[in-house]
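K.L.:
Sequence:
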Amino acid sequence: MTRTPLRPLARILKARAQGENPDVIERENLRLRHEQMRDVSRNRAEVRLLILGFSFFVAFSAIGIRMGALSASEAAEPRSLASGAEILAQRADITDRNGRVLATNMLTHALYAHPKDMVDPARVATELAAIFPELKADDLTRRFTDGRSFIWLRKVLSPEQMQQVHDIGDPGLLFGPREMRLYPNGTLAAHILGGSSFGAEGVHSAEVIGTAGVERAMDARLRDPALVATPLELSIDLTVQAAVEEILDAGITMMNAKGGAAIIMDVKTGEILSLASLPAFDPNNRPNPVLPKDAEPGDSPLFNRAVQGVYELGSTFKIFAAAQAMELGLVGPDTMVDANAPMQWGKHRIKEFQGKNYGPLLSVTDVMVKSSNVGTAKMALQIGGLRQQAFLKSLGFFEATPVELTEAPGARPLLPARWPEIVTITTSYGHGMSASPLHLATAYATIANGGITVKPTLIKQTGPRPGTRVMREDVADASVSMLRQVVTRGTASMAEVPGYEVAGKTGTADKPKRTGGYYKDKVINTFASVFPASDPRYVVLVTLDEPVETSGTEPRRTAGWTSVPVAAEITRRIAPLLGIRPMVEAPPADRLTAVRN
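Per my numbering, residue 50 is the first one in the sequence shown, and the count goes up by one each step.
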């Protein structure tokens with residue numbers, strides 16, 4: 050801006066020449082300059098007000114548009130506003146095959162402290178110790194006053210505990226939101242689910258990770274963000290599982306056993322409808338037991354006897370020798386074999402139970418019915434060690450089971466270092482090698498479905514999965530027929546459940562000592578069965594650890610007196626639950642009476 054001088058020389062000289070006052074010119078020019086400056090300031094203020102007004106217009110328009118959009122949208126509850134909340138709600142539910150919840154998530158709170166913000170640390174310590182008995186007042190007071198700025202107190206609180214802590218009213222006690230895993234059925238299916246714990250955790254959130262069972266084996270699937278809204282469907286039936294655990298628990302008590310396991314498996318799909326191991330635990334509060342040095346692994350409630358229990362399974366193996374001998378064309382169901390006992394093989398003496406002699410000859414069927422060790426051994430020698438190993442390997446007895454449990458890979462069968470003829474003999478009747486009850490159930494499913502291998506699974510399947518044929522269908526049918534006769538006229542007579550055609554084999558094996566040899570009065574008893582025999586659909590297997598039946602004058606420890614009655618009660622209870630109708634046999638013709646009108 051060009052400024053006009055207040056006292057221009059030309060005008061001053063002219064004014065003086067005309068006798069005028071030059072100061073008038075200065076005042077007039079000063080007035081004009083002030084008016085010009087006022088006009089400039091006004092214009093600048095008007096522009097600023099215009100810009101500010103436009104800015105307010107844009108801002109309020111945006112707010113109005115957003116409010117209109119929110120009012121037109123569907124209301125939704127916010128998940129979380131806390132930092133780190135992205136790791137919340139990141140684990141899928143687990144359900145049974147019918148959609149009933151086995152594991153889910155629950156919002157809870159953790160408790161932590163800022164000791165420097167506490168008003169009265171001693172009082173807080175005393176009141177916290179009254180709420181949480183595992184916390185000691187003296188220890189808390191020391192921790193609150195030793196200069197720490199942060200202390201974790203509890204990682205999970207119940208709503209009642211949270212309210213009690215809130216009532217203490219100290220600003221140094223703070224709550225952090227987090228999700229925890231909830232198992233609404235308590236101990237039911239505990240060894241299947243396994244349990245979970247917290248992984249990465251902070252004040253406002255915590256990561257849930259699997260620690261055992263399906264929770265750990267399927268951890269990646271359960272934490273997959275793309276699948277977190279889709280429950281993991283297991284093959285088990287919660288109702289069947291509850292019935293099996295109830296009966297198994299009662300059987301363990303009645304038979305004075307240390308523990309036991311039971312498995313229900315679909316013979317065509319390999320789906321496990323129930324897998325029970327007792328004693329059990331509550332995965333909501335997974336224990337950490339400390340066992341004495343001389344304790345067995347099975348003494349821990351965390352031990353899954355059905356999968357991790359590797360035992361000599363006794364005479365339940367005899368059907369494999371008979372089936373393989375028939376598959377090779379060496380014998381048929383009615384072929385007579387040498388069963389003259391005792392049998393001498395080198396320095397070893399093969400005897401029958403209680404020194405009996407079922408010989409000199411027995412049919413292959415009667416070898417199974419009477420559970421003859423000698424008859425089975427003679428068939429095994431005809432088969433030979435190499436072929437025996439190959440057959441057992443095809444049934445899955447040389448590898449860990451592929452079931453979806455984190456404990457399964459570590460439960461490999463115990464095999465002899467060498468396989469001389471005496472091992473061929475003892476293995477044929479279930480001694481000398483050890484396997485888990487799940488191995489045995491899978492092998493029986495192969496026989497029951499017509500000779501095709503199955504893969505045991507805890508994941509719900511949509512239909513049969515094709516396996517490998519390891520025996521002819523007629524051989525499998527003949528084997529099931531032999532197992533049926535073991536129930537109708539053999540060692541498993543107590544397994545008969547009217548209407549359901551149970552077929553199975555007992556197995557009693559002395560328990561090995563850690564120092565070598567076997568106990569005289571401790572056994573592992575197993576009964577492996579299938580039903581209905583005319584069209585097998587399910588395997589039912591029961592194993593008891595150190596059972597003894599004491600209702601008679603002398604203690605009885607064989608499977609026929611212990612595991613068999615438990616398995617029979619399980620079959621009786623679960624068959625209707627599985628939708629299997631009992632078969633009603635027609636009465637004999639000589640008992641029919643004509644009806645007269």
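No wet-lab data here; the hints were simulated from the structure.
Any given hint could turn out to be false.
Derived DSSO-like pairs: lysine-lysine, alpha-carbon spacing no greater than 27 Å straight-line [stated by the list, open to error]:
1. Lys504 x Lys396
2. Lys504 x Lys405
3. Lys307 x Lys342
4. Lys307 x Lys560
5. Lys504 x Lys317
6. Lys63 x Lys307
7. Lys419 x Lys571
8. Lys405 x Lys419
9. Lys560 x Lys400
K.L.:
Run every hint past the structure and note whether it holds.
P.N.:
So, going through the hints one by one against the coordinates:
1. Of the supplied pair hints, the one linking Lys504 and Lys396 is violated, its CA atoms being roughly 40 Å apart against a limit of 27 Å.
2. Pair hint Lys504 plus Lys405 does not hold up; C-alpha atoms about 39 Å apart against a cutoff of 27 Å.
3. Between the alpha carbons of Lys307 and Lys342 the distance comes to roughly 18 Å, so the proposed pair stays at or under 27 Å and holds.
4. Between Lys307 and Lys560, the direct Cα distance comes to roughly 13 Å. Compliance with the 27 Å bound is thereby established for this hinted pair.
5. Between Lys504 and Lys317 the alpha-carbon distance is near 10 Å, which keeps this suggested pair within the 27 Å criterion.
6. At roughly 132 Å between alpha-carbon atoms, Lys63 and Lys307 are farther apart than 27 Å, so this suggested pair is violated.
7. At most 27 Å may separate the alpha-carbon atoms for a hinted pair to count; Lys419 and Lys571 meet this at roughly 22 Å.
8. Restraint check: the Cα-Cα separation between Lys405 and Lys419 comes to about 10 Å, which is no more than 27 Å; the hinted pair holds.
9. For the hint pairing Lys560 with Lys400, the CA-to-CA distance comes to about 18 Å; that is within 27 Å, so the pair holds.
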